[in-house]
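Please take these sequences and the hints and turn them into a complete structure.
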Amino acid sequence: MNTQEKLKAFQQRIDKGEKIEPKDWMPERYRKQLIRMMSQHAHSEIVGMLPEGNWITRAPSLKRKMVLLAKVQDEAGHGLYLYSATETLGVKRQNLVEDYLYGKAKYSSIFNYPTLSYADICVIGWLVDGAAIVNQTMLAKSSYGPYARANIRICKEESFHKKQGYEMLAKMASGSPDQQKMAQDAVNRWWWPTLMMFGPPDTESPNSAELIKWRVKSKTNDELRQSFVDRSVMEAQAIGIEIPDPDLKYNEETGHWDFGEIPWDEFWRVIKGDGPMNRERLKARRKAYEEGAWVREAAMEYARKKKLKEDKAS
Amino acid sequence: MSADHSNNNVEWPLWEVFYQPGNGKPFEHAGSVHAPDAEMALQNARDTYARRNEGIAIWVVPSSQITASTPEDVGPFFDPANDKAYRHPQFYSTPRAVKKRT
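Residue numbers (this note's numbering), protein chains in the order written: chain C, 1 to 314; chain S, 1 to 102.
Calculated directly from the structure, the hints in this document are not laboratory data. Fair warning: there could be bad hints in the mix.
[Claimed, not checked] Computed cross-link-like contacts, DSS-like style, restricted to lysine-lysine with a CA-CA straight-line distance of at most 30 Å:
id : chain 1 : residue 1 : chain 2 : residue 2
1  : C       : K19       : C       : K92
2  : C       : K63       : C       : K181
3  : S       : K84       : C       : K16
4  : C       : K305      : C       : K287
5  : C       : K171      : C       : K156
6  : C       : K92       : C       : K213
7  : S       : K84       : C       : K19
8  : C       : K219      : C       : K163
9  : C       : K23       : S       : K25
10 : C       : K171      : C       : K65
11 : C       : K106      : C       : K162
12 : S       : K25       : C       : K156
13 : C       : K162      : C       : K283
14 : C       : K32       : C       : K287
15 : C       : K283      : C       : K272
16 : C       : K141      : S       : K25
17 : C       : K219      : C       : K156
18 : C       : K249      : C       : K219
19 : C       : K23       : S       : K84
20 : C       : K106      : C       : K19
21 : S       : K25       : C       : K19
[Claimed, not checked] Residues from chain S that face chain C, not an exhaustive set, calculated with beta carbons under 8 Å:
id : residue
22 : W12
23 : S32
24 : P36
25 : A68
26 : P71
Glycine included, C-beta positions come from ideal geometry on N, C-alpha and C.
Structure representation (structure tokens):
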């Protein structure tokens, strides 16, 4: 088979809904796009531990501290499922990690915002994890087998993340006037950045068409964003929270909620590295990586010596 | 680029993780972990893939030790199975009276 025929056969497999596995033939571009997208997803899970980790020591009760610890540990797990899945494409994990610590690899813009109060932790669970669920539910059907399987695993855990946040926010929103103010303030700050999580509008999303053709994704950024808005409006109403968008209006014709213009200038600025927390996040991640180097080396050396001893004894 | 900053030139080896989802169930592949030795691979596998009792037992195997069939050979490799319909019970006929009972 020449490349043209291989490409055609590949597309036929995709169109039939078959999963592509690591050793199967795949177009170089499919592999490259997957590596970019999956490692970006993995980096996001890892960086995502920082804004929430910020509040572990100051959680309002022991129960909330245990919940937050478990959630942050899950995020580490999600990052590891995704790195593991990306490695099946023939790349080394360490290179992926260093690509974003010292290179050009990106992670989700949402984690470049600060967590100013405990209400932010509630809102991250409700909105940020809620948005992640919309995205990852789609990715659980991705054409690349290991990526789909990693997302299935993630989705199972993500609903706990969302529910714990939503429950806390509901409690705050029905609490004292100060608590209500805190809750609403956090929603006001996180709403628009959360809508940006779905990526640029379809008209400016260069990768979308190709990813959909290959069924890595099955919905466009704008479609996912709309379904998230529809769900969030209902959830906000149920707990007496206001969505900070004066243009939000139910559209009888489409059956969806129309919403106002997303501040895209801000999105591009944050993506390019100029958000409120970009530098801080990268600094924290580099510090962890560099200061952990001796631990990784010592563990390796310990394993080597232990094996030497065992070999001698036998 | 990576080489300039890489202060850890030893990447821990890769291990494939399998877990048994329940008593009497066959082991399933979960994913992989990096670890310096088998003992830590087991612990990392538990922390990564079994935080909610997903498994009651775990196997870890060095990824380099796995030999897998290749998709290119899938045709000839599994071919011998295709023309042996007599390996399946449907190949055989049973008297109608007996069939009804089962």
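Quick rundown of the hints versus the structure:
| no. | hint | verdict |
| --- | --- | --- |
| 1 | C:K19 to C:K92 | holds (23 Å) |
| 2 | C:K63 to C:K181 | holds (23 Å) |
| 3 | S:K84 to C:K16 | holds (27 Å) |
| 4 | C:K305 to C:K287 | holds (28 Å) |
| 5 | C:K171 to C:K156 | holds (24 Å) |
| 6 | C:K92 to C:K213 | holds (27 Å) |
| 7 | S:K84 to C:K19 | holds (27 Å) |
| 8 | C:K219 to C:K163 | holds (24 Å) |
| 9 | C:K23 to S:K25 | holds (27 Å) |
| 10 | C:K171 to C:K65 | holds (16 Å) |
| 11 | C:K106 to C:K162 | holds (24 Å) |
| 12 | S:K25 to C:K156 | holds (20 Å) |
| 13 | C:K162 to C:K283 | holds (28 Å) |
| 14 | C:K32 to C:K287 | holds (29 Å) |
| 15 | C:K283 to C:K272 | holds (16 Å) |
| 16 | C:K141 to S:K25 | holds (25 Å) |
| 17 | C:K219 to C:K156 | holds (21 Å) |
| 18 | C:K249 to C:K219 | holds (23 Å) |
| 19 | C:K23 to S:K84 | holds (28 Å) |
| 20 | C:K106 to C:K19 | holds (27 Å) |
| 21 | S:K25 to C:K19 | holds (25 Å) |
| 22 | W12 | holds (6 Å) |
| 23 | S32 | holds (4 Å) |
| 24 | P36 | holds (4 Å) |
| 25 | A68 | holds (7 Å) |
| 26 | P71 | holds (5 Å) |
Of the numbered hints listed earlier, not one is contradicted by the structure.
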